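In order, the protein sequence lines correspond to chains A and B. Position 322 of the first sequence, counted from 1, bears residue number 322 in UniProt numbering, the numbering being contiguous throughout. Position 83 of the second sequence, counted from 1, bears residue number 83 in UniProt numbering, the numbering being contiguous throughout.
Hints listed in this document are in silico derivations from the structure and should not be mistaken for laboratory results. Hints are supplied without guarantee of correctness; some may be wrong.
Simulated DEER-style distance windows between Cβ atoms [as the list claims (entries may be wrong)]:
1) A:Thr-52 x B:Arg-47: 19 to 27 Å
2) A:Gly-241 x B:Ala-277: 33 to 41 Å
3) A:Arg-47 x B:Gly-178: 35 to 43 Å
4) A:Arg-376 x B:Thr-52: 18 to 26 Å
Chain A stretches covered by chain B per the calculated footprint, using a threshold of three residues with CB under 8 Å from any CB of chain B [unchecked claim]:
5) 68-75
6) 142-148
Listing some non-contacts, in silico: residues in chain A with all C-beta distances to chain B over 12 Å [claimed, not checked]:
7) Glu-44
8) Asp-61
9) Asn-114
10) Asp-236
11) Ala-249
12) Val-342
13) Ala-345
14) Asp-360
15) Glu-372
16) Arg-383
17) Pro-414
For clarity, every value in this text was computed on a predicted model and none was experimentally measured. Heads up, the beta-carbon is just placed ideally off N, CA and C, and yes, glycines get one too.
There are 2 protein chains.
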Amino acid sequence: MVQAARQAGTAGRRAVFELFPRRLPQGRRYGVVAGVGRALDAIEDFRFDPATILALEGVVDADMLDWLASYRFSGDVWGYAEGEAYFPYSPLMVVEGTFAEAVLLETVLLSIYNHDSAIASAASRMTLAAAGRPCIEMGSRRTHEEAAVAAARAAYVAGFDASSNLAARARYGVPSTGTAAHSFTLLHDAEADAFRAQVQTLGVGTTLLVDTYDVAEAVRLAVEVAGTGLGAVRLDSGDLGEVAREVRAQLDDLGATSTRIVVTSDLDEHAIAALAAAPVDAYGVGTQLVTGSGHPTCGFVYKLVAREGDDGEMVSVAKRSTDKASIGGRKYALRRRSSSGVAEAEVIGIGAAPQDDGDDRALLVPLVEGGEVIGRATLDEARARHRSSLAELPRAVTQMSAGEAAIPTLHLEPR
Amino acid sequence: MVQAARQAGTAGRRAVFELFPRRLPQGRRYGVVAGVGRALDAIEDFRFDPATILALEGVVDADMLDWLASYRFSGDVWGYAEGEAYFPYSPLMVVEGTFAEAVLLETVLLSIYNHDSAIASAASRMTLAAAGRPCIEMGSRRTHEEAAVAAARAAYVAGFDASSNLAARARYGVPSTGTAAHSFTLLHDAEADAFRAQVQTLGVGTTLLVDTYDVAEAVRLAVEVAGTGLGAVRLDSGDLGEVAREVRAQLDDLGATSTRIVVTSDLDEHAIAALAAAPVDAYGVGTQLVTGSGHPTCGFVYKLVAREGDDGEMVSVAKRSTDKASIGGRKYALRRRSSSGVAEAEVIGIGAAPQDDGDDRALLVPLVEGGEVIGRATLDEARARHRSSLAELPRAVTQMSAGEAAIPTLHLEPR
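Throw the hints in and build the complete structure from the sequences for me.
Put into structure tokens, the structure is as follows:
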């Protein structure tokens, strides 16, 4: 496309692309934006090194290879801050540059946003369902090895407390926490040997896995080995609520009243909610988190909404189609809020910013200016944004049942 | 775990781990193994470089860091060949080494197998449904940016013809093919300008996207610009079967009888099957492919099944649990076939290989010996394996409806 546009003389036209969802996943009341920080890294790093240029020989012509070799995004980007809630048609990212510069970013930006936001959207429902009990990300082995690192990061944005993924700790500072596998117990001649080895190395504050053989016997052994100061026990099978109640009673009887109970085993937001009344102290979540709990991608698209015409003026453009219509024109967005601070609508202006009624909040922040990243936020800022964004949404967002978007999306008439 | 086992003196015990599925995804009749080649790369490359060691300071102790710095897998691996069909409890990979060496590979091996096999399993059903018509992988932007490259590779193993992912071309030699986006048409002042620019650069053999505005008008323009030698047109919205029939009639009327029709738009195996009678020449598949068509992960697990005891003898081990039971002991597998070569059962021997009845096929091939990769296959060999493995399965595998596994899994008594 870029090569053809260059030959046609249109590649340098100013262009505005918009990254947005046409809808929320079926039944979801809100989504959560994640991947913004990774996308900014990707824009900064988007270069074609000599090896890549070599690999593209035969795909594009020599003139195009030269252009790619010196590629550097020099445009502007605005977007929703990481951790922000989103709704259908929220203009999550607005990219302005030449057509050639901006169109090349389509795939990487969509990949990052579609993946990371799918994980964060699921993670947010899980942390809501956990109602303050810590959630631990443990899904690395159920997704692509690099997606796993991004998933740990996105889950942390949406309120998870820690991850078992050490690369996420190294790259992004996501707190890490570990677990022992059944293989560790099975390696040893007796369960008590495994517990002793673990406590000797990691201290009594460690979490012992107690469901390899008989749970009650393992709990007895665990307290015998570690003492009543044992940090936690983990349950990974059976009726978790029922077993947790039995184990809590047993721990209390043994005097291990502050030993916590961590549960894992194909948890999702519904299973977490169902355990609300059980004596569970933390949830370890794997498969359902890293696969977006039924919605592994957000279906975001990246569409050209405005471009320069022959006369140098910007023109709104959109595909005309019955089932996949887009709305042309540069978008602006604010979250309309009541005087008491409750979100009421996602208001999208076309060609001009919607007017703030006094209690509203503008949603697009500058991310890149003239090719320079200016909107970087820390993960802790993203976590805080997630918390505050959720706090202002109507109470319906806490419902795990399927429903409509928590607030409507309103498009203002183009100005 | 490794640090604790090292301190307890058990880390050096010989261990046999098995990577296997407990079940097929709900309703699926078979699965397809993919990621073997990537897993072999990962085993070869599994080292802890100085930066990684630095990042692990504080996580493990200095002695453990020293051990990690010199880590190199020196054991043996057997597995199903890439492209092979699998069934519940198929022992897809058997890893033997010291506990410490083998347990460290768990996450990366599961990540690769769980992801790549999920994609290949979905892709295989799609290529079956396409019944010989080419399928093109176009889902990069709907999944994590690195998962996208692996997905393109896995789809190719399972019969896809090409991918739009150029990194998959560079890294793995997956044939690439492109498409123009609606943005390319919208960039230009008139649809005919966009078509002219594309044909001028890519020749009349290119594929023109004809549903940005009015399909009939675009088809007319496309043939006017490119001539009757136009390679193909692409449809990305509407009732694809109906529109394809109209476009075919129009192309034929215009004399463009050999111009092909490529369709895209949220296709899955069912949508592909439903278009069997429509004049469609190729399918471009995105979201549903890269998300495993409802099953984004295979749920493979990696379990310790045997390990050395105090006396140096190997002991079979397994978790005792009601809902997540494993079967201890080293596994061997063959596909039992009738005298006419039709697969009848997945036969799994525990501790010894099942006897070949004369028409059977052993399924485990040596992949790594003493740390050296010896079982590398080309992607074309994996594609051929996929075709021949499917060809010997009962005809039921071609049914897109939900059903049971195409063949039963039989465990022989341990010897």
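Point to revise | Non-conforming hints, listed in increasing numerical order | key: 2, 3, 5, 8, 9, 10
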